[in-house]
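Visitor: Next come the chains, spelled out residue by residue.
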Amino acid sequence: MLTALALGLVVLGLLALAALAPMGRLAGPVVLGGSAFLSAGFALAAGGALALGLPEGVLVLPFGPAWGGMTLALDGLSAWFLLLLGLAGLAASLFALGSPGRGLVAWPLFLGGMGLALLAADGFTLILGFELMSLASWALVALDHREAGNREAARLYLIFAAFAGVCLVPAFGLLGALDFAAIRAAPPEGWRAVAILALGLVGAGAKAGLVPLHLWLPLAHPAAPTPVSALMSGVMTKVALYVLARLLLDLCGPVQPGWWGMPLLAIGAASALLGALRANLEDDTKVALACSTIENVGLVTMALGLALLFRAADLGPMAALAAGAALLHAMAHGLFKALLFLVAGAVQHAAGSRRLDRLGGLIHAMPLTAVAALIGLGAAAALPPLSGFASEWLLLQALLGGWRLGEIGLQVAAAAALALAAMAVALAAAAMLRLFGLAFLGRPRSPRGAGAREANRFELAGMAVPAVLTVLVGLFPGLALALAAPGIRVLVGPAAMPPVVGLAIGAGEGHSAYAPLVVILLLGLALVLLWVVVRRHSPAVAERGPAWNGGFIDAPPEFVFGDPLSQPSAAGMAQPLRRMLGGTLLAAREAVTMPRPGDPRPARLEAGFEDRAALALPTRTARLRDAVAGQVERLRGLTLRGSLSLGFATLVGLLALLAWLEAR
Amino acid sequence: MGFGQLPYDVAHLLGGGMLLLSFMLLYQRRVAAVVSVLAAQGAVLALAAAWQGFVQGAPQLYLTALIAAVAKAGLIPLALRWMIRRLALARGVDAALGIGPSLMAGVALVALAIMVALPITTGAQALAREDLAIALSVVLLGMLMMITRRNAILQVVGLMSLENGLVLAAVGIAGMPLVVELSIAALVMLVLVVAGVVVFQMRERLDSLDTLLLHPHRGEPE
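As you go down the protein sequences, you meet chains D and L in turn. Following my numbering, the numbering of the first sequence begins with 1 at its first residue and continues without gaps. Following my numbering, the numbering of the second sequence begins with 1001 at its first residue and continues without gaps.
Don't read these hints as lab results, they were simulated from the structure. For every residue, glycine included, the Cβ atom is placed at its ideal position computed from N, Cα and C. A couple of the hints might just be wrong.
[To be verified] Derived Cβ-Cβ restraints for the label pairs, each shown as a range: (1) L:1183 with D:64: 26 to 36 Å; (2) D:637 with L:1121: 35 to 45 Å; (3) D:64 with L:1216: 50 to 60 Å.
[Said to hold, decoys possible] Partial pick of chain L residues on the chain D-facing surface, computed with a CB cut under 7 Å: (4) 1079; (5) 1114; (6) 1115; (7) 1116; (8) 1143; (9) 1146; (10) 1147; (11) 1211; (12) 1213; (13) 1215.
Build out the structure end to end from the sequences listed, making use of the hints.
Guide: Here it is as structure tokens:
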């Protein structure tokens, strides 16, 4: 099994090489088809391993760094994320087949890098795969480099990726060994463990887009081509979370103190709230979806933090509940966010724009895409019976159990996190409603949008895979959690049982349970009842009348789809939330310029916001860099003797350090 | 092999002699005398290499000794003397650090070299350990000389002395391939040629060999 997976990674590398060969029009189908095939293979292998039994032992590759071969292994955690990678990679590769192939060299490398990072059984291999993933995705983000905005996004993305690497390499270096089994046998302690916590949280958090290191995410994810942004949002952020979970929950082991969960809980809550709020305010579909990614990554991080807290407090079932919430939400979000980015891409192809103010009424032109979007947005809005509801229900149940943590401080923190998480989930639902309403309902807002056509069959196939899976995971969350059980055991201990009651999921030793099949039955019953009542009281034949135009005068006849200005706009729908919450969290501003009577200039209403949390760290770092550069610049003015003395003093200083180290 | 045995004692004596000559280089003010001390150090280095060749039974070290004797005790000092005569520096006095401070700095560097070299080489032969400590001291003293001197020729002398220390370290270690020493020797001759060109150019353009005067002439826009 491991050999087959390793061969799959090698074939992905060969596909990247094949993309260099002059194959003309055949290159796209070969490379993307091969990627789709291999992704399906990964998903099958990971799913099969989770269901039937994981492969034992470690595969040592015959090459690697100077001190030994690279090692691969598949345990419950990596298999779960590999399953997500395979499913989302299959969907995105299928979708990519529907348009002319671009970035064909980097695409298999991106998939292979993520696979390598997930399969790694030592620190070196993991970092290698992680950085391969970063570099390949950077190349894909920079694909449309003719636009200045995309160049800026790619540059920022590379800076943050390098920063993540700079933090993760010492974090893995401080573990004391490279081989994961050796690290588990002797987990780090004392200041080393704290340094690993800080470095790992910052490094993996920068890659996952956690607040306050999320500046790049709403810029880079939309800049990439659609299948790439789907994979980046759906899977790459999850690989970063996998690294976080692997490093903090698995490798550092259960010996770590309980307060380790607090930073994760706090950062996760902040990310969830800020991301959900921003998703409500953005007027670009992909940017709004990227902000919603920040929210969901925050929710998973909260669940991981809770798992740490419960595990340290010896509350096994609660820890398993939180870990199950983290894994299930990672899977659910990976699928529905990939789906939503693919929908956004299909809409961009068909209607020519990503801006909500230029879309509208697409449900008539693209019914199948609209159904896929409805499934994805419903899951993102946590509506039963879709996958997002199941996982977020688990998370809220775990948060509700926070009172079991013995200390009053932790209880208050869990309660505060509960309030923030609930607020974030509600805000996300509002954002998803706004996206669907503006893009798919109403009337077209632009001629290009009025002429939209349904997506082609490859794109539809690409969207169908995650849509069906989202529904399936939503209907059978118990089965999904049963598959995730080995992963939960890796996170919280070998005795953990997944929070499953038959086909349903349950929390707190069976006190409460969520059975989607029952819920869908009740929902169906209510809908049928409603339909019957409506039929009885309505006239037999439906009558179509003109749509009410909100009190505006009739549009001129050349506007066949009505006056766009008489429809709600993206900024208009965002206004209440911007006024309510934006002022404190996002430094929202609003200025009315009213010319004096007699002045022919138009009156202007200017509104906007600025994500100060995202800007705070980068601007300060840039200022520090300038200061350091200014100081270093002075070295160039040294005399010949000064330069010689500097080198000599450095040498003597290093020798003195050596002598001091030896004397200890 | 340890203290009280002939191979060790002679090697120690010769190494100590080189260190002593390094100290003389450090505080000697008169330019002509500095070159004489350098020649003496080269000669001692040749002796040390020959002795190591005899002790280790390594005939290639005799070649190293020959190179040191010809180049370092002969050709290089001759070339430097010729330069000094051409530039009329024979009675020149260089403003260096005072005798007291330079000797104190030198002693501190030797102490540092011993503190670094001895613990690292625990387990190695006593001869190699002492040799390494002395060689590191000679290297550090050569660098110190390059910093404290202002005259360009004497900075070159510092570089040569530093290189003597490197060769001393190389011959003290059994099994060092000859190619290392040969390439170092070739490098030193090249450095001498470059340094000669620079010195003459400086003399021609600036009418002085004080390297501090070079500073305003750096090729950078201010």
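Visitor: Go through the numbered hints given earlier and state which of them the structure violates, listing their numbers in rising order.
Guide: 4, 5, 12
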